[in-house]
Amino acid sequence: MKNRQTAASDLEVRSLKTPAELEAFFRLNAEIFRPDEDADLVSAQRRRFLMDDPDFYLHQLRGAFLGDTYVGGYALLERTMCLGPARLRTACINGVATHPAYRHQGIATALMQDAIRVAESQQYALLFLHGLAYFYQQFGYIDVLEDTPRHIFARKQLPESDPGTYFVRAATLTDAPALLACYQRHYSSYLGSFAPTRTLQRQEHVLSNWFEVTDTVPLVVLNAEQKLHGYLLLSRRRRKLYVYEVAADTWPATLALLHAHAQLLEAEPEPPQEMSWPLPPTDPTFYFLAEHMPVRSEMLSFPNGGWMARIVHVPTLLQSLFPHWQKYWQERSRLVDWCGTLALTIDAYTSFLEVTPSSIHPIRTPSSSPLHVTLSSNMFVQLIFGFRPISWAQLQPGQQLPAELIPALNVLFPLSQAWIAGSDFF
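Just so you know, we're using the numbering used here here: the sequence shown kicks off at 1 and counts up by one.
None of these hints come from the bench; they were simulated from the model. Glycine included, C-beta positions come from ideal geometry on N, C-alpha and C. Among the hints, erroneous ones may be present.
Between beta-carbon pairs, the in silico distance windows are [said to hold, decoys possible]:
#, residue 1, residue 2, range
1, E160, I116, 52 to 60 Å
2, R239, T172, 20 to 28 Å
3, K327, P269, 48 to 56 Å
Sequences are here, hints too, so could you generate the full structure?
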């Protein structure tokens, strides 16, 4: 089909309204993102995943229209992102798609501009997405964490199982409270996590309505007292079985999940010789693996692609960050003893911060001559995710960081580990 020429003035981006528009939205999403799978099944599963979410509202589905013709769309989902004790209202962009007949005519650009307008009208702290490389940076997005590191090991090198200590079974809805607790134990501490604010209702939804069509079920591992000590979430993509999230509290639980995973792979038409798990490199589950078997770790980095964020409303973001900074400041080494007033400028917005030995808080008018810190919005968002250190910011053009403030800034913006758990993908 030939591309149809579109005038920008003819294009309208708005919330979806009718059943036919919803059908077109999910059908196009299935055809674009899962072209080798059954479009009807994928569309239905994706619809359940989004619309049965306890936090879903119809206005979150946005479409681009030429007259009555649906030519593209995306979802703008509200989530609460956690940076330590800070809670950031975040607009998460999902499923940006343009009909093939209307590509290269500015449809995706119009969708992204619409997302910015909607987010600004709601004064979100951040926009957040996982996207293709070299497209989203033009709208102000910047990399904030690497794609999921995977840890790879040979099936034939698995240690022997320890029968009778732990056993693995399919998860049921009655496991949701214990699953939620295990997920939060493992993933709440990471910057960018959604774990601390996940509700039991959402846990039940994720357990029942994962967005990919799959013939697998979540697995849980229990000890002899029937206490849940871990879980394994699997799915299938391009006809291959893969793990998208795993957590285990003990080595015996880890070993039981390893063997359960290996048995599933053995039943595949072409069993792979290697297995892989996605894990933060500081999670106990990774340490259990590394202590007991050879592991090869891989991290893929896509410049201007993958997990990216953009500041929406600087005052909202700064106000949300103060609990996070307060925690860092109170836990700092007492060798860092700078006190005074800091004028923090992000792009054109300046905020004054009063720093005392025990606290850091905003003030309207400085009582003393402030030291000035100037950061671009992109640099600032990378710093709050712990994605780049202050020493990197010092090397970048246009950033102003007084030498006497570097120790204090290292406290407030430490290099850290951010992580998005697989079940939090959107």
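| Is it true that R239 and T172 lie within 20 to 28 Å of each other by Cβ? | The hinted range 20 to 28 Å holds for R239 and T172, with Cβ atoms some 27 Å apart.
| said: Given the hint of 52 to 60 Å, is the C-beta distance from E160 to I116 inside that range or not? | reply: 55 Å, holds
| Range hint 48 to 56 Å (beta carbons of K327 and P269) holds or violated | Between K327 and P269, where Cβ atoms are some 51 Å apart, the hint holds.
The structure agrees with every numbered hint stated previously.
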